[in-house]
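Protein chains: 2
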Amino acid sequence: MSSAESALLTDLYQLTMLQAYHDQGMNDIAAFEFFVRKMPENRNFLLAAGLEQAVEFLENLHFTAEELSWLASCGHFRRDFVDSLEGLRFTGEVHAMPEGTVFFPDEPILRVIAPIREAQLVESRLINLLQFQTLIASKAARSVLAAPGKLLVDFGLRRAHGAEAGLLSARASYLAGFTGSATVLAGMRWGIPLYGTMAHSFIQAHSIEVEAFEHFARAFPQNCVLLIDTYDTEAAAAKLIPLARKLAADGISIRAVRIDSGDLGEHARRVRRILDDAGLNDVEIFASSSLDEYKLRELVASAPIDGFGVGTRMNTSADKPYLDCAYKLQEYAGRPRRKRSEGKATWPGRKQVYRRCGAAGTFSEDLLTTDDDVQSGVPLILQVMKEGRRMAPPLNLAEIRDYAAVQLAALPEPLRGLEPAPAYPVTVSYRLRELARFVDASIEVG
Amino acid sequence: MSSAESALLTDLYQLTMLQAYHDQGMNDIAAFEFFVRKMPENRNFLLAAGLEQAVEFLENLHFTAEELSWLASCGHFRRDFVDSLEGLRFTGEVHAMPEGTVFFPDEPILRVIAPIREAQLVESRLINLLQFQTLIASKAARSVLAAPGKLLVDFGLRRAHGAEAGLLSARASYLAGFTGSATVLAGMRWGIPLYGTMAHSFIQAHSIEVEAFEHFARAFPQNCVLLIDTYDTEAAAAKLIPLARKLAADGISIRAVRIDSGDLGEHARRVRRILDDAGLNDVEIFASSSLDEYKLRELVASAPIDGFGVGTRMNTSADKPYLDCAYKLQEYAGRPRRKRSEGKATWPGRKQVYRRCGAAGTFSEDLLTTDDDVQSGVPLILQVMKEGRRMAPPLNLAEIRDYAAVQLAALPEPLRGLEPAPAYPVTVSYRLRELARFVDASIEVG
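From first to last, the protein sequence lines stand for chains G and Y. One point on numbering: in this note's numbering, the residue at position 321 of the first sequence is 353, and numbering is uninterrupted. One point on numbering: in this note's numbering, the residue at position 111 of the second sequence is 143, and numbering is uninterrupted.
Mixed in with the good hints, there may be bad ones.
Identical copies go unnamed one by one, so any copy, or any two together, can satisfy a pair.
To be verified - Calculated pairs, DSS-like style, for lysine-lysine (alpha carbon to alpha carbon, straight line, at most 30 Å):
| hint | residue 1 | residue 2 |
| --- | --- | --- |
| 1 | K376 | K327 |
| 2 | K327 | K278 |
| 3 | K182 | K418 |
| 4 | K70 | K271 |
| 5 | K182 | K327 |
| 6 | K278 | K418 |
| 7 | K352 | K278 |
| 8 | K271 | K327 |
| 9 | K271 | K376 |
| 10 | K271 | K418 |
| 11 | K376 | K70 |
| 12 | K352 | K327 |
| 13 | K271 | K352 |
| 14 | K418 | K327 |
| 15 | K278 | K70 |
| 16 | K376 | K182 |
| 17 | K182 | K271 |
| 18 | K352 | K418 |
These aren't lab readings, by the way, just hints derived from the structure by calculation.
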């Protein structure tokens with residue numbers, strides 16, 4: 033079994049709490065909600081992602097014999113408690129915003145309703161899955177909005193934080209509107225279109241640069257993209273002119289060049305001139321190297337670049353590599369609950385978000401309320417699991433990507449820009465405020 | 033097979049280059065080296081980590097039948113090339129700095145010597161493994177130096193970037209000197225000591241806070257740590273006084289309290305006074321919430337806190353979530369190679385690092401030279417794989433951690449602090465400079 037599915041992908045305190053619940057016979061129904069507490073600086077909206085992996089994890093939840101035997105021997109737990117874990121499966125409900133939904137702080141994007149031991153155990157992995165893909169989808173969407181119509185390829189596997197981060201950031205960025213990824217396994221797993229050309233090492237392994245170009249062109253006659261910055265970018269571009277004639281005689285055309293160092297805009301302008309002067313107007317220019325949405329915006333405005341490889345800064349969400357998010361108990365045994373720790377208070381109970389739209393379908397306002405308080409607008413949270421099983425087959429990633437594109441198109445204009453915009457209005461309903469007051473008054477902390 | 037071991041955990045361009053090499057019959061021996069180009073701001077040294085996972089990956093390298101069949105059908109490759117991958121295994125050598133070695137920019141921490149197809153294919157995953165663990169070990173070491181003698185626990189699974197990031201950051205932080213982790217699977221896999229108590233939800237699921245405390249104490253009579261900030265931190269501390277008396281009658285003592293919100297230093301001072309005034313001097317105080325090395329330094333100096341849970345900011349290396357690092361071709365077919373792209377030039381050939389020490393064994397200077405240039409000092413790069421197999425059984429993580437502690441103890445004083453210090457001296461030997469000049473003169477870019 034892959035570690036990604038292990039029930040031990042959890043914090044020790046989940047299991048210590050479970051032993052205490054076991055001892056007390058506590059296992060009533062709990063409702064936990066996952067939400068982001070605060071909009072990060074330099075973000076105007078968030079894009080929900082990671083639900084599919086969360087559902088898969090819940091559907092497969094169980095302890096293996098090896099894990100149980102290790103738990104019994106690790107010195108932290110009693111045998112009778114470990115035995116109680118043997119048959120543990122996820123038997124509850126999940127309600128969630130579909131992946132690709134635009135959302136804002138305090139709005140739950142996932143609710144688990146299940147016996148508290150099940151709902152508690154899965155906290156660590158659910159946060160781990162939802163925060164990361166949401167983080168990356170939200171970051172990647174900014175590049176998509178900053179470079180409309182451009183080819184955008186995820187290049188970030190190597191500096192992503194491990195294998196799963198590489199794979200899931202390929203998924204999250206494609207979902208947000210990237211054209212594809214360089215990560216081969218992500219292509220195999222989710223059908224994400226793959227892009228890739230050559231590294232500098234390919235040029236260096238040849239003694240003569242233009243021989244490397246020709247070898248590559250003959251290996252990929254339909255899809256020849258050449259990396260031209262290993263030694264001297266403009267000199268390499270000039271070498272393509274005779275090479276293009278030679279290849280044309282064999283029916284091969286150079287599709288694009290890639291520039292990966294120096295002043296990308298300046299090199300692109302010079303290379304464009306060299307290629308155009310030789311009639312190679314169809315050869316596209318692709319750029320990479322330390323790109324993010326700000327650099328994309330600048331290059332789109334100033335340089336003849338047709339596509340971009342975006343890696344590290346997107347895949348690590350480098351300007352803000354985490355979300356201030358939580359998975360909090362909002363109800364136990366039929367009673368709404370609320371945490372009141374300083375700076376970390378939560379809205380109690382099961383909640384729903386209604387989205388209201390203005391002219392042309394643009395989002396105008398959200399209402400956060402209790403889940404039994406029907407209001408006007410589109411309810412964003414839908415039930416997706418029942419009795420531990422998903423209620424519909426998984427969507428394919430292309431469908432989710434289409435939905436995300438519709439969501440992004442409905443963003444109010446100021447939120448689409450890269451600069452911080454006034455916060456989108458999320459109103460907390462009278463009913464929810466009343467419930468919070470009621471819960472505060474009834475908490476017996478004595 | 034877990035995705036962490038897949039040969040398709042690579043960038044598409046590795047495979048396109050392999051097809052071009054296949055077509056040309058190119059497969060001579062290549063030497064690639066992994067190194068960090070530039071010291072991140074706010075770091076004075078780096079701590080090598082991730083070699084064990086890199087070696088595991090290389091030992092297991094192969095394509096599954098399912099992967100080969102997908103490659104043949106994905107539209108990017110020819111069948112004859114895909115067939116050539118069937119028997120591909122890693123047959124080369126690896127030379128590396130042991131995990132836990134302190135190192136600096138331009139110093140290779142790993143060299144692969146193998147037929148170029150093998151050495152090229154593994155680039156993406158080797159960078160992915162080495163950069164992430166090195167990033168986290170280097171960040172975590174700063175907390176270790178800032179809080180000497182304190183209990184430091186990795187709390188970061190939930191906001192790490194996926195499952196593997198959670199596991200490997202537990203490993204990297206323990207290697208760097210953390211006391212343990214909350215991540216259960218990391219405990220099972222590497223024997224990392226586990227720590228954990230309870231979440232706010234445990235308190236909230238009970239109607240009366242002190243009942244939650246008592247239930248937990250009875251479930252963990254040997255290891256009772258109580259979370260006291262759910263409603264009112266000092267009020268909760270006061271409730272422990274009668275509870276401690278009641279539990280003492282049953283031979284149970286409260287081991288520690290945890291504070292997770294508000295002004296941690298101020299709460300800790302007040303709680304310490306409340307506990308001490310009641311004779312509960314042995315109850316320790318543990319703090320968590322948005323901690324990093326700067327906050328630790330401040331709290332260690334000003335508050336009676338015995339231990340810390342450090343999560344998100346360490347596990348994502350939040351102030352710098354990536355390293356400017358590369359895996360570069362330095363030699364092919366017996367000839368040294370060098371990339372000269374602007375801002376990304378490399379030192380050619382196979383290299384060695386000699387470390388010189390001063391009084392009391394403190395590191396004083398490193399010399400970067402060619403690997404056949406024997407010099408005074410300790411050579412840091414050792415051979416670890418031969419003909420595709422490791423040359424010695426894996427070290428256990430505790431041994432690596434002990435070695436890292438010795439390395440950190442030998443750091444010159446200014447590098448041990450949190451503020452940027454003058455760069456540690458790394459001298460490039462005359463011989464290596466001569467080699468670079470020779471390579472530049474002999475590159476035929478025409």
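Outcome of the hint check:
1. K376 / K327: This pair counts as between: shortest inter-copy Cα distance 19 Å, intra-copy 35 Å.
2. K327 / K278: Neither: 36 Å inside a chain and 63 Å across chains, both beyond 30 Å.
3. K182 / K418: So K182 and K418 fail the 30 Å test inside a copy (41 Å) and across (46 Å) alike.
4. K70 / K271: neither (53 Å within a copy, 32 Å between copies)
5. K182 / K327: Answer is within; shortest intra-copy Cα gap is 14 Å, inter-copy 43 Å.
6. K278 / K418: neither (63 Å within a copy, 44 Å between copies)
7. K352 / K278: So K352 and K278 fail the 30 Å test inside a copy (49 Å) and across (47 Å) alike.
8. K271 / K327: Classified as within: same-chain Cα gap 29 Å, cross-chain 56 Å, threshold 30 Å.
9. K271 / K376: Classified as between: cross-chain Cα gap 22 Å, same-chain 61 Å, threshold 30 Å.
10. K271 / K418: neither (63 Å within a copy, 41 Å between copies)
11. K376 / K70: within (10 Å within a copy, 38 Å between copies)
12. K352 / K327: The answer is both: 17 Å in one copy and 18 Å across copies each meet 30 Å.
13. K271 / K352: neither (42 Å within a copy, 39 Å between copies)
14. K418 / K327: For K418 and K327, the Cα distance exceeds 30 Å both inside one copy (45 Å) and across copies (44 Å).
15. K278 / K70: So K278 and K70 fail the 30 Å test inside a copy (58 Å) and across (41 Å) alike.
16. K376 / K182: Only across copies: K376 and K182 sit 26 Å apart there, 41 Å inside one copy, limit 30 Å.
17. K182 / K271: Intra 27 Å, inter 62 Å, cutoff 30 Å: intra-copy only.
18. K352 / K418: Close neither inside one copy (35 Å) nor across copies (41 Å); limit 30 Å.
This entry does not satisfy hints 2, 3, 4, 6, 7, 10, 13, 14, 15, 18, going by the numbered hints stated previously.
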